[in-house]
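Per our numbering, residue 464 is the first one in the sequence shown, and the count goes up by one each step.
Hints in this document: simulated from the structure, not taken from any laboratory.
None of the values given here were measured: they were computed from a predicted structure.
Idealized CB from N, CA, C, for every residue including glycine.
The reader is advised that the hints may include incorrect statements.
As the list claims (entries may be wrong) - The calculated lysine-lysine pairs, modelled on BS3-like cross-linking and capped at a C-alpha distance of 30 Å, are: (1) K501 / K543; (2) K501 / K549; (3) K501 / K472.
Unchecked claim - Distance ranges between label pairs, derived from CB positions: (4) G550 / N483: 32 to 42 Å; (5) G496 / G536: 32 to 42 Å; (6) D587 / D497: 47 to 57 Å; (7) N483 / D551: 35 to 45 Å; (8) Y539 / K482: 17 to 27 Å; (9) Q498 / D587: 50 to 60 Å; (10) M464 / P500: 15 to 25 Å.
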Amino acid sequence: MEIYGKITKLLPLQTGQGKNGTWKKQEYLLEYGDQYPKTMVFNLWGDKVDQYALTEGDNVTVFFDVESREYNGRYYTDIKAWRVDKGDSQAAPNQAPKATSNPSTGTEFGQPAPAFLSGDEKDDLPF
464 MEIYGKITKL
474 LPLQTGQGKN
484 GTWKKQEYLL
494 EYGDQYPKTM
504 VFNLWGDKVD
514 QYALTEGDNV
524 TVFFDVESRE
534 YNGRYYTDIK
544 AWRVDKGDSQ
554 AAPNQAPKAT
564 SNPSTGTEFG
574 QPAPAFLSGD
584 EKDDLPF
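Start from the sequences, fold in the hints, and give me the full structure.
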């Protein structure tokens, strides 16, 4: 999945020691949506924290997976980013693409209907 927004806060860097060595995790607060902005927290793990070097105010497109896990009868959900593109990579987030042609026929919209749809012929259907 992916989402476009602005990083509004960097949460404290978390580090620790695990069976595979030292780990680090950085969480970010992302604001998205235009008219009614919403927020979500996503995280980066390991080398990706340094690779992307995100700061407050960055406009980003976040590519992520949503994962849930159970612990002691409760479920916890993480939004784990696997790629982050900086900059205004989404030119117009809420703008619909312009329809200029019909992909099935290759004809431009606004042209007259084909003759078989004109309704001038009498059909042989009983209903």
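Could you say whether the range 47 to 57 Å given as a hint is met by the Cβ separation of D587 and D497? holds (53 Å)
Would the hint linking K501 and K549 be met if the CA-CA limit is 30 Å? holds (19 Å)
Outcome of range test on Cβ distance (G496, G536; 32 to 42 Å): holds (33 Å)
For the pair supplied as a hint, K501 and K543, is the alpha-carbon distance within the 30 Å limit? Given pair K501, K543 holds - Cα atoms ~18 Å apart, limit 30 Å.
Falls inside 32 to 42 Å, the C-beta gap from G550 to N483? holds (33 Å)
Per the hint of 50 to 60 Å, is the separation of the Cβ atoms of Q498 and D587 within bounds? Because 53 Å falls inside the window, the suggested range holds.
Holds or violated: the 15 to 25 Å window for the beta-carbon distance between M464 and P500? holds (19 Å)
Between N483 and D551, does the C-beta distance stay in 35 to 45 Å? With a Cβ separation near 37 Å, N483 and D551 satisfy 35 to 45 Å, so the hint holds.
Within 30 Å, alpha carbon to alpha carbon, are K501 and K472? Satisfied, since the Cα-Cα distance of roughly 14 Å is no more than 30 Å.
Can you let me know if the beta-carbon spacing of Y539 and K482 is within 17 to 27 Å? holds (20 Å)
Hint compliance for this structure: no hint is broken.
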